[in-house]
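Could you build all of it, start to finish, from the sequences and the hints given here?
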Amino acid sequence: MWDYTDKVKDHFFNPRNVGKIKNPDGIGEEGSLACGDSLTLTFKLGEDKKIKEAKFQTFGCGSAIASASALTEIIIGKTLKEAEKITNNDIADYLGGLPDEKMHCSVMGREALEAAIANCRGEDVNELRDRHKNVVCQCFGVTDVEIVKTIKENQLKTVQDVTNYTKAGGGCKACHAKIEELITGTMGVQDESEAPKKTSSRMTNIQKIKLIEEVIEREIRPALKADGGDIDLIDLDGNKVIVALRGMCSSCPSSSYTLKEYVEAKLKEFVSEDMVVEEDKL
Amino acid sequence: MSERTVYADNNATTMVAPEVRDEILPFLTELYGNPSSMHLFGGQVKTHLDLARQKVAALINADPSEILFTSCGTESDNTAIRSILTTNPNKKHIITTRVEHPAVKNLCQSLTTNGYRVTELSVDKYGQIDLDELRENINDDTALVSMMWANNETGVIFPVDEAVQIVKSKGIPFHTDAVQAVGKIKIDAKKTPFDMLAISGHKLHAPKGIGVLYVRKGTGISPFIVGGHQESGRRAGTENIPYIVGLGKACEIALNIIDKEQTQIKTLRDRLEKELLEKAVDASVNGDIKNRLPNTTNISFKYIEGESILLLLSAQGIAASSGSACTSGSLEPSHVLRAMGVPFTRVHGSIRFSLSRYNTDEDITIIVDKMLAIEKRLREISPFTED
Chain P
1306 MWDYTDKVKD
1316 HFFNPRNVGK
1326 IKNPDGIGEE
1336 GSLACGDSLT
1346 LTFKLGEDKK
1356 IKEAKFQTFG
1366 CGSAIASASA
1376 LTEIIIGKTL
1386 KEAEKITNND
1396 IADYLGGLPD
1406 EKMHCSVMGR
1416 EALEAAIANC
1426 RGEDVNELRD
1436 RHKNVVCQCF
1446 GVTDVEIVKT
1456 IKENQLKTVQ
1466 DVTNYTKAGG
1476 GCKACHAKIE
1486 ELITGTMGVQ
1496 DESEAPKKTS
1506 SRMTNIQKIK
1516 LIEEVIEREI
1526 RPALKADGGD
1536 IDLIDLDGNK
1546 VIVALRGMCS
1556 SCPSSSYTLK
1566 EYVEAKLKEF
1576 VSEDMVVEED
1586 KL
Chain Z
2 MSERTVYADN
12 NATTMVAPEV
22 RDEILPFLTE
32 LYGNPSSMHL
42 FGGQVKTHLD
52 LARQKVAALI
62 NADPSEILFT
72 SCGTESDNTA
82 IRSILTTNPN
92 KKHIITTRVE
102 HPAVKNLCQS
112 LTTNGYRVTE
122 LSVDKYGQID
132 LDELRENIND
142 DTALVSMMWA
152 NNETGVIFPV
162 DEAVQIVKSK
172 GIPFHTDAVQ
182 AVGKIKIDAK
192 KTPFDMLAIS
202 GHKLHAPKGI
212 GVLYVRKGTG
222 ISPFIVGGHQ
232 ESGRRAGTEN
242 IPYIVGLGKA
252 CEIALNIIDK
262 EQTQIKTLRD
272 RLEKELLEKA
282 VDASVNGDIK
292 NRLPNTTNIS
302 FKYIEGESIL
312 LLLSAQGIAA
322 SSGSACTSGS
332 LEPSHVLRAM
342 GVPFTRVHGS
352 IRFSLSRYNT
362 DEDITIIVDK
372 MLAIEKRLRE
382 ISPFTED
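Chains as they are written, first to last, in this note's numbering: chain P, 1306 to 1587; chain Z, 2 to 388.
To be clear, the hints were calculated from the coordinates, so they are not data collected in a lab.
There could be a bad hint or two in this list.
To be verified - What the simulated footprint calls covered on chain Z by chain P, stretch by stretch (three residues with Cβ under 8 Å from a Cβ of chain P suffice, anywhere in the stretch; the number is not a length):
no., stretch
1, 297-310
2, 318-327
3, 334-344
4, 377-385
Unchecked claim - In silico DSS-like pairs for lysine-lysine, Cα to Cα no more than 30 Å straight-line:
no., chain 1, residue 1, chain 2, residue 2
5, P, K1325, Z, K280
6, P, K1515, Z, K169
7, Z, K303, P, K1571
No residue lacks a Cβ here, since even glycine has one placed at the ideal position from N, Cα and C.
What follows is the structure, given as C-alpha cells:
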C-alpha cells in the first residue's frame, strides 16, 4: 500500500472543486488511457482577472485525484501569470509530498494547467501539444519535452527518478538509453523547442476517445457482429487508433482488409481525416 | 476503518485457519526439538514431520516421499525450474505462458541472459491457452514446459491434463505452478503425470513462509539450497516444523472440504459477480468463466481506476485487489489482462475479488452495496462521464 500523507488522503476522500465549468475561460486536458490517468481542468476568471473558479475531473488513482483537487485550490485567486509559474513540486508540496513513484500525478496537474492557461490566452492548445509530440516512452506516451522539463524542474539524475516523476521508462524499458541521453543533455542544452508538426484535429484525447467509441458502437460493431466478429478500442496514441479484433474477425484472413478498408474508413469519415488504425500487437 | 473487515483478497493470502494455529502452537512451546536429533525429544517431532508430509501428499494423491518442504511457492518454482534445467544441460529452450506469476515469469526472463530461449504461449481474450500453439513450439531443444495450473488474477484454469499429455509424450519435463489451484480444485498426481508442482501454504489457510515442491518419484533434483541432509538431501536447512505441521493440518482440512469450494464458495462468488454485473453502470468479467477457480472473479469497471476503487473499498473495510498500473510498484498494468487484450479502459478499472470459506452471504451484500456506491462516486469525478 502507498504511503500517502494525511493531506493526500483528505483530498482523495474529500475532493474539492469536482466537475466541469460550463463555458470556461480556460480548459486543459492531460493524460492517456494507457497510463490509466486523465485530467480535465476548467477555470473561470473574475473581474480582477484572477482565477475565480476552478474545477477538475479525473480518471486515475488516489494521488491523481488528490493532485487535481489540490491544483484547483492552489490556482484559485491567482492571476494567469502567477498560475503559470506553478510547478509540479508546488502541487506535491501542497499535499505534504507524494510517494516518488507517484510524482507523475503532480506532473499531470502541471501539464493540464499549462494547457488550460494556453487555451485561455487563445493560444493553440494543439500546437502546445504538438510541441509535445516527440514521444520517448511508447508504453506511456511520454514526450521528450515533458521529460526534459521535469528533469530540469526537479533536478532529476537517474532513469528511475524520471520514471517516478513522468512514468517514462516504467514499461518495456526500451527507452532507458534515450532517457539517459536526455538527463545528460538537459544540464547543458536549454533549447526545448521542436519544429511543430502538422496539427491534427482540434479535439482533445478524451473527446476523441468518446467519439471513436461512439462510432465503433454505431457504425462498425453491428456490421462485424453480423459476421460473428467484434472489435474493441484498446488505446489511442495521437491519431493512431489501436484496436483488437474479436471472434470470427480475429482469425479472418481478410482482417487487415477489414481494419484498413472498413474500420479506418469509418473513423476517417466520422472522427477525423488523419485517423490511422492499427491492430493491437500485444 | 469500519468495524468489520470483509476480506475478499484470498488469492493474495488467506487467514490462518484456527485449527491450523492450534496445531502449530505446541511446536512453538514444548515441542521444539530438532527432527534430525538422535534423542527422543527430537524424534517425537520427526513423527509429526512425517505425519504432515503424509497429509500434504494426500491432498494431491501423491506419495509422501514426493513431497519436499520449502519456504514458499517462489522457492518451489525456482527449485523446480533450475533443477530441471541443470539436469538437462544440453537443452536451452523453455516454454511457459504469458500470464505466469512473476515467480516463474521473471525467473524465465532472467534465464535468457544465461543463453536460454523462452517461448511464452499466448492466451486468447478469455485468458485461455491454445494447445496447438504448445504442440507447435515443442522442439528438440526444449528443456522444460512450465505452466501455471490456475491464474492468480483471473482464476482461469489451464487444461493441464491435456498439456501434460502432450509434453510428456515428447519426453519433456513438465512443471506447474499450482499455488492458486491446490486446495481449491482437485489435483491428482496419480492421474496427471506432471513432474514437479509448486504449492504455497499461505494460499490455503496455513501461515506465510512455508511451501511445497512435489517431485515425482524418479525425477532427479539438483538442490537449490545446499547444506545439511534434510529433506533427503534435496533441500537443506532445518525444517520449519511449526509451519510444516500447520500446512499438514491445512491440507487435511482442504481435502475434507474441497467440495465445499465448489458449492458454498462458488455460490457466493456467482452471486457477487451476477449482482455487480447487473447493477453496475459498466462492468464486465475478465477470464474464461467455464474453466475458472470457484472463488475468483475479476471484474472491470470501465473508465474508473482501480487504485481509487481499492482505497475507497478499504475505507469501508473491504479488502480486494486490482490489475491497475497504479497499484503495482512498476506502474505497469496487469500483464495478465494485457496478454488477454483487455482494453486499457478496462484494465485500469479491474478489481479481483477472491473468496474463501470464511466469507458469508452478508459479506457479499456489503461488497455489492459499497462497490456500487464507489462506482457512482468515481464516475462523477471521471472526465469520461457525460456532463
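Each hint tested on the structure:
A count of 6 residues in the stretch 297-310 of chain Z with a Cβ less than 8 Å from any Cβ of chain P is obtained; the coverage claim is therefore met, three being the minimum. Here's how the stretch 318-327 of chain Z fares: 3 of its residues keep a CB closer than 8 Å to some CB of chain P, so the rule of at least three is met and the hint holds. Counting residues of the stretch 334-344 of chain Z whose beta carbon lies closer than 8 Å to any beta carbon of chain P gives 5, which meets the minimum of three for the stated coverage. Here the stretch 377-385 of chain Z counts 5 residues with a CB under 8 Å from a CB of chain P, which clears the bar of 3, and the coverage holds.
Proposed proximity of P:K1325 and Z:K280 is supported: the alpha carbons are some 26 Å apart, at most 30 Å. At most 30 Å may separate the alpha-carbon atoms for a hinted pair to count; P:K1515 and Z:K169 exceed this at roughly 50 Å. Straight-line distance between C-alpha atoms of Z:K303 and P:K1571 comes to about 24 Å, which keeps the hinted pair within the 30 Å bound.
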